[in-house]
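Below are the chains, spelled out letter by letter.
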Amino acid sequence: DTEVTQTPKHLVMGMTNKKSLKCEQHMGHRAMYWYKQKAKKPPELMFVYSYEKLSINESVPSRFSPECPNSSLLNLHLHALQPEDSALYLCASSQVLFRDIMNTEAFFGQGTRLTVV
Amino acid sequence: QKEVEQDPGPLSVPEGAIVSLNCTYSNSAFQYFMWYRQYSRKGPELLMYTYSSGNKEDGRFTAQVDKSSKYISLFIRDSQPSDSATYLCAMLAAGGTSYGKLTFGQGTILTVHP
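Going down the list, the protein sequences come from chains A and B. Residues 1 to 117 (my numbering) are what the first sequence spells out, left to right. Residues 1 to 114 (my numbering) are what the second sequence spells out, left to right.
Chain B with its partners taken away, still in its complex shape:
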């Protein structure tokens, strides 16, 4: 079983839709959670960073963490064609064999069509 599971999609939505992207994890040592956006043939760009259960909002993006369920989400409101990219969740463990290393999910390919 992978430490981080993320549905690769692809996910296709109309412009203006609310998008929900999700990751589950099995390692209880994961304490820090990130969402990266990666455009085709580009490097990943950090979108959101959170380390506590609950919601964190930044503009159209909301990151949600539920440590009791080992589940994180990224919501995109009023999605735009420019949001079309691959979204990668990433996690940092506070101990154990993955200590100090970013562990990525597989990435979800999102297309927002006009």
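Chain A with its partners taken away, still in its complex shape:
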């Protein structure tokens, strides 16, 4: 099983709503990532978790709040988002952090397409 599963696939939310994105993998990977991808742009790193601890926060606004409740799950809590936050949110996982083993492969989920209205 080399699958990273993201739910929901699509999400429309108002600027005052609170919602969560979920990501799950059962490959035993101990590094998990959130990326944001705007149309016709490459993925941009948001957060990195290693062994359920936040390792990297790429200066992401606090309206995005990540959580890693266990080694298989990664959540992204959303609150008071802006229309410019509309994007494809991608989750990825790898065996360990790239800086620990450089030739480790990252597997991406299918993404959640978020629209903020």
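Please keep in mind that the hints were generated in silico from the structure rather than gathered at the bench. Cβ atoms here follow ideal geometry from the backbone N, Cα and C, with glycine treated the same way. Among the clues, some could well be false.
Selected chain A positions facing chain B (in silico; Cβ < 10 Å) [stated by the list, open to error]:
(1) Val4
(2) Gln6
(3) Lys40
(4) Glu52
(5) Phe64
(6) Cys91
(7) Arg99
(8) Glu105
(9) Gly111
(10) Arg113
Given chain A's structure and the hints, the job is docking chain B onto it.
Below, chain B without anything else, positioned relative to chain A:
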């Protein structure tokens, strides 16, 4: 200047053509090189991974790295309509401020028409 430069295209070729996709980079710390394929509204899928200069072949795909010129390529032989996607190069630095983070190129949109 961006650390990784990739021509966004779009690139349109007839079925059966040889496709050449390229990226250049400026950061000498980049030591690991990947090519991802991303279909519309899907997540990226790893196609090729290499860390040494030279060629690496996998089926119809060949990845080429020239570290002295800071230039990488992906060749697709006998291209098929199912190869139509966005191709992203990605790199990992062995040190410096980008250490341990995937740095992506802009992506090249490829269309293979029957």
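Evaluation of the provided hints:
1. Taking 10 Å as the C-beta cut-off, the interface hint given for valine 4/A holds, the closest approach to chain B being about 8 Å.
2. Nearest Cβ of chain B to the Cβ of glutamine 6/A: about 8 Å, under the 10 Å cut. The hint holds.
3. Below 10 Å, beta-carbon pairs count as interface contacts, and lysine 40/A has one with chain B at about 7 Å; its hint therefore holds.
4. Hint on glutamate 52/A is violated. Least Cβ distance to chain B is approximately 18 Å, over the 10 Å limit.
5. With a least beta-carbon distance of about 18 Å to chain B, the hint placing phenylalanine 64/A at the interface is violated under the 10 Å criterion.
6. Hint status for cysteine 91/A relative to chain B: holds, with the closest Cβ pair at about 8 Å, below 10 Å.
7. Hint on arginine 99/A holds. Least Cβ distance to chain B is approximately 3 Å, under the 10 Å limit.
8. Evaluation of the glutamate 105/A hint against chain B yields a held restraint, the C-beta minimum of about 6 Å falling below 10 Å.
9. At about 5 Å, the closest approach between the beta carbon of glycine 111/A and any beta carbon in chain B falls short of 10 Å, and the interface hint on this residue holds.
10. This hint holds: arginine 113/A has a C-beta 7 Å from the nearest C-beta of chain B, less than the 10 Å allowed.
Against the hints set out earlier in the document, violations occur for numbers 4, 5.
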